[in-house]
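Peer 1: Using our numbering, read the sequence shown as starting at 57 and increasing by one per residue.
Be aware that one or more of the hints could be misleading.
[Said to hold, decoys possible] Lysine-lysine pairs mimicking DSBU-like chemistry, simulated, CA-CA at most 30 Å apart:
1. K322 x K108
2. K74 x K108
3. K284 x K320
4. K427 x K346
5. K346 x K312
6. K322 x K312
7. K320 x K74
8. K284 x K346
9. K489 x K312
10. K427 x K151
11. K320 x K346
12. K386 x K433
13. K489 x K151
14. K150 x K322
15. K346 x K475
16. K284 x K74
17. K386 x K432
18. K386 x K312
19. K432 x K467
20. K467 x K433
21. K489 x K432
22. K386 x K320
23. K489 x K433
24. K322 x K151
25. K489 x K320
26. K467 x K386
27. K322 x K346
[What the hints assert, rightly or not] Simulated restraints, written as ranges between beta carbons of each label pair:
28. M453 x A111: 57 to 63 Å
29. H387 x P155: 35 to 41 Å
30. L370 x H338: 15 to 21 Å
31. A484 x Q401: 48 to 54 Å
32. Q152 x R257: 16 to 22 Å
33. L122 x R445: 17 to 23 Å
34. A309 x N258: 49 to 55 Å
Derived from the structure by calculation, the hints contain no laboratory data.
Quick reminder that beta carbons are idealized off the backbone N, C-alpha and C, glycines included.
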Amino acid sequence: MSTSPSATCEQCLERFIKRQGSAIERWLVGFSGGRDSHVLLDILYQLHNSGKLHAQLSAIHVDHGLHPQSNQWARHCQTICDNYQIPLTIETVKKQPVPGESIEAFARQARYRLIEQHLTATTVFLSAHHQRDQAETFLLQLMRGAGPDGLRAMPVVRRLGAGQYLRPLLNVNYDDIVDYAEQHHLFFIEDDSNDDQRFDRNYLRHQVLPVLERRFANAAHRIALSAKWLAELPDMPAPAALSVEDLNALSEAEQKRHIRAFVKAKIGHSLSQAQTQYILAHHLNAQADKHPTLTIGDYVMRRHAGELCLTAQLPPPPENIEQLISVGQKHSLSPVATLTWTAGQGIVCHRPLMLRSLSGSERFHPQTRNKATTVKKCLHEAHIPMWLRPFYIGLYMNDTLIAIPGVGISKPHYQQDPKAYLPQLDIAPEFRKL
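Using the sequences and the accompanying hints, generate a full structural model.
Peer 2: Put into structure tokens, the structure is as follows:
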């Protein structure tokens, strides 16, 4: 006797849920209103009602604003969730893709940023990606010339923000999902953009996979199985740091493996062949006074003090700062830097100082030097990374630079006194080396 699609989907999901343990306090379902996510939501609703799914069940819908009917879709999702009595959060993407930017990549990144805001250590996010989606992802990566990491396609479990991202239907056949929706009379959205074959994924879905299925039975299943085997291969242990000297002692193949393992461990990103080659050519072989960068998603690969390192992407530095501030007053300068103070040494001053943007050619005589030099040289001697220097500011008294927070106090104004305060510049951790 054959197993019904309904039983196949439900049993697969129930087994998956059981393996997740008891620490989860909330299940958050990504609900687009389409067939796949509606099937996932319906099964989880049934499991929750039967007592097989513990903790809170809720859903999130992201309106990308890219389709003229997106408002109607959001209302549809709200109606469905109201019928289930499942709390729904609707988030709206405020930005639009820039000309030339991949719409698919833009939408995916914007969606994950919004979802991350709702995740905690005890929250898991679930999406309805299935076996055919996995096969499409594998083929997309194959056409990009991806290496083993890329050909692993989508992981079943990965970190997302403070929580986890699960794809519980990744091993479920697409036809079973279609049949489940029909058997349970689910009312779902049909997104006509899924038929637009200008998008690579849609082209593979409508033109390539059907040809493969006619020639090779269960082609999508076989392709997804290859991705699964690759995903089960052990990762290379990630180096704690990427010393340029140590990397130069390795073969090119070993250099690539070390760099890829480091990046994946730090930010969960699998480097492409082109990105890896760029790092070898520009970062590894750069002159000591050069500062190459490579943007990798929301992060940047940099070279500093003989190491390759990663930081979060920086916002633009504040320009033309000019503000009065009291000694000892904490002040947020930007998302990158905050002015703080410690007592016992530094400046004794009972009137406000002027907080002002620095000029690299300006001269400064810190308490640690015998004579004055340029601000640029002071920042260099304090080992301030190049990417952070635009965020450093000066404290002025009557147009005289008397302190650079985090670097030093001018020698004539430095005092060791219980009433003195030392200005510091606290840099947010994500903008330092990760």
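Peer 1: Quick one: which hint numbers does this structure break? Sort them smallest to largest.
Peer 2: Result: hints 1, 8, 10, 15, 18, 22, 31, 33, 34 break, sorted rising.
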